[in-house]
Every structure is written in structure tokens, then in C-alpha cells.
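Chemist: The chain contents come next:
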Amino acid sequence: MSADAEPDRRWLAFEAEALPHADRLFRHAMWLSGNRAEAEDLVQETMVQALQSFHRFTPGTNCRAWLVTILQHVRSNRLRKQGRVIVDSALEERAASVVPFVPPIPDRLTDEDMLLAMREIPAHHQEVILLCDVEEMTYKEIAAALDIPIGTVMSRLHRGRELLRTALARRGTGPVAIDQGNKAGR
Amino acid sequence: MMECRDVREMADSFLSEQLLVETNHELLRHLETCPVCRSDMAARRALREGLRSAFVRAEDLSPRPEFATELRARLRASQPGITRRSLLKSWWALAAGIAGAAGGGLFARRSIARSHLATLAREAAGDHQYCAVKFSLAERPIPLEDAGKRYGAFYAALATFEAPPVDGPLQLLERHACVYQGRRFGHVVFRYRGALTSLLVTDAPPPPAPELEAIDARAAVASLPAGRFVGFVVADLDRQHVLELAQALTTPLSQHLA
Chain A
94 MSADAEPDRR WLAFEAEALP HADRLFRHAM WLSGNRAEAE DLVQETMVQA
144 LQSFHRFTPG TNCRAWLVTI LQHVRSNRLR KQGRVIVDSA LEERAASVVP
194 FVPPIPDRLT DEDMLLAMRE IPAHHQEVIL LCDVEEMTYK EIAAALDIPI
244 GTVMSRLHRG RELLRTALAR RGTGPVAIDQ GNKAGR
Chain B
14 MMECRDVREM ADSFLSEQLL VETNHELLRH LETCPVCRSD MAARRALREG
64 LRSAFVRAED LSPRPEFATE LRARLRASQP GITRRSLLKS WWALAAGIAG
114 AAGGGLFARR SIARSHLATL AREAAGDHQY CAVKFSLAER PIPLEDAGKR
164 YGAFYAALAT FEAPPVDGPL QLLERHACVY QGRRFGHVVF RYRGALTSLL
214 VTDAPPPPAP ELEAIDARAA VASLPAGRFV GFVVADLDRQ HVLELAQALT
264 TPLSQHLA
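Chains as they are written, first to last, in the numbering used here: chain A, 94 to 279; chain B, 14 to 271.
Don't read these hints as lab results, they were simulated from the structure. Misleading hints may appear alongside valid ones.
Below, simulated DSSO-like cross-link-like pairs (lysine-lysine); rule was C-alpha separation at most 30 Å, straight line [stated by the list, open to error]:
#1 LYS147/B x LYS233/A
#2 LYS162/B x LYS147/B
#3 LYS233/A x LYS162/B
#4 LYS174/A x LYS233/A
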């Protein structure tokens, strides 16, 4: 194959492997940033970086996890440059450790209940639950994406789920008494 | 012997498939005899699935329809060597994907269904290559019976599927559930006409009829309806033989998984 064809070949491979994940990637970015313009910019920068380094992607591995990892790193670098505090782990751990009782999961829940309850828990617990339960990444992939030890991933998941169940329980069992017109806010 | 407290502590790791095989089996044995833990596990699974669905369906989180065009323009600007022809092809793939997520028209939905099937076919070809041929998947395969308890009854049903007589020697080699690029498959490996041949079934809408998939893969791939699911036959064989095997398997497989 000629050198001139290399960009085309890489683009077509990128199209097949990575572009189908653009929608999910945007949803992830939108959830994290809560701002449409910021989410679009985040996804664009992620995709540009992914295309430039696509030769490093290993065929047969999880492409979505690879893209989400790039997105997390792009976002983390931006937050660092802006001087925004990402997390106070100690505070989160203390807050999580005071959960006295983990209630059962309510029988009936709407999409809105789920998303509102997620918004009620600390951001770093949201993040790991999102990566594990929604993006279906392994603990190892999550640890790489967030640049934290696997043990921290597990403890954040465990406590995050307790907090999520507590938040969901507040929304009641049986018929859910939530106004269906409400939107998941921030 | 595992106790209820142990099961509760490991429940989420179990659902995330992060436990060792032996621990997994112990936990499954406990679940078989403990209705309380079984119920708790089902609730946890429902919560995870509910969260995933809520996230994927949330309109507030979906991109603008024109975002696909803008993303393409930005990517083009970053890669000046890309020719117009390959860009046009990729634009359609991206636009169809995002239009589908936004609930586009019939044309868009058909394009998406076709595009989605092609993506699944590539994943099936990858699974065949990395699981049946190279034995080098990132995650170890699990028994279909275990997958049936965790992910859906069709996996367990696949454990008892018997292929009908077909044109050419067909020998069963292996059955399991495995994951490739985050996609879970029920996987039956045969030797057919002397070549390793995979029948892969995954939880996605079925195509209308068996069809060869025009994808860039080393092996030939044919998609087929498998009841409410989609199946693939993948083998390093003549494409016509792969299609004929897919056609022969369609009815008995659909009936078996119904």
C-alpha cells in the first residue's frame, strides 16, 4: 500500500471502530459536564486525539473503553488547567461512611428517578458507576481511565451504590410519585 | 460454604464479572439455594440495567443532529491527507448513527440497522478470530448455563442446541459465552468442512433473513435471525458455504431459542 493511501486506510478503520461510539461518548461527556457546548468540544477533542493515535489502539480490545479513557484524560487535563478541584477523596469517604443503612431497591422506578438519584450522589461516585454500569468497563479499564488504583475503584463503586440505593429509596416504592414532566436537572 | 453476607459483599463484582471462576461458581451455588440472595441479585441487576437504559434514552443527553457534520469537519481539518471519497463514506456512517439516536426517519433507521448489523458482524468476526482461533480474549469465557442465569435465558438455551444435518461434515467442538469488545456472545464452535466455524448469538434485534456481511474481515461472515436475537456464522471458508450453513441453521435455531 502506498504512503498516500495510509491516511485513508486509517480513516476507514477509525470509521468502522470508533465513529459508531460518538453518540455514547457525547452522552458521557454531557453527563459529566452538564453543558452542551463543553460536551461537544470535549468529544471533538477526544475524537481528534483518538484519530491521531489510532495506531496505538489494539484491535480486539474494547474501543469504547479506549475512547472513554481518552475523554476522561482530556477532561481531567482541562480541569487541572482551569484550577478546578476535581475531588476531595477524604471528604467523600467520610460522607459515604456515614450511610447507616442500605435500603432495598424500590420496585418501580422511572428513567427520571434513576438519573435524578444519580445526580444526588457525589461526582466521583457517579463517575465510577457510570463507567462500570453504563459503559460496562472492567475495574482495570476504569482504574486506567481515572488514573486511580483498582482498590479505589472498588471502594467508590461499593459506597456509590449504597448512596444510590439510599437516594432511590427516598423516591419511594410502589407507584412512583414523581412528576413525569420533570427533567433530570443538575 | 459461602454465606449471605459474603454474597452481598461480592454481588456487584459478580455482576461486573470481576470474580475468579472458582468464587463465581461458589456464589452461583449459593444463589441456587437462597431465594433472598437471588432476589437481591435480581434487584441489583435490574438497577444496573435500568440505569443503563435511562442513560441511553435520556433526551437531555443526546447530541444535536448537526453535531455529526461538525465533528466530521473538525476531524477532516485534523487529517489533511484524507480523500473526499473516504470522508463521504464515513459521513454517512456517522450521520446515520446520530440520526438513529435522535429517532430519525425510515431511511435513517434502515441505514442504522444495516450499519449496526455491520458493526455487530465485525465484532462477531473478531470474536471468532480471538476466541475460537487464537484463544486470546481479554476475559475468560464462561459456561452458557452460568451466562443464562446472569444475562438472559437464551444463553442457556444455546447450550442444548443441536445443529441439524447439513451439507458437509459438522462436528461440535465447544460451547460457552464470551465477550469481545464489550459485546457478549453465546458461542458454539464447530468444525465444518475441515475449518473452525463459529455460531455466535448476541442480544440485538434479528435481521429479516440470512445474509452475507460485506465487511473487511479475514473470515466470511453471514448474519441470521435467531429468534428474537441476531446470530452470525463465521468461518475461513468459501462465502457460499458460510451462507448455506447460516440458512440451514436459521429455522432450527430460531425455534430452539423461541
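Chemist: Hints first: check each against the structure and report whether it holds.
Modeler: We went through each hint and held it up to the structure:
no., hint, in the structure
1, LYS147/B x LYS233/A, "holds, 23 Å"
2, LYS162/B x LYS147/B, "holds, 27 Å"
3, LYS233/A x LYS162/B, "holds, 25 Å"
4, LYS174/A x LYS233/A, "holds, 26 Å"
Hint compliance for this structure: no hint is broken.
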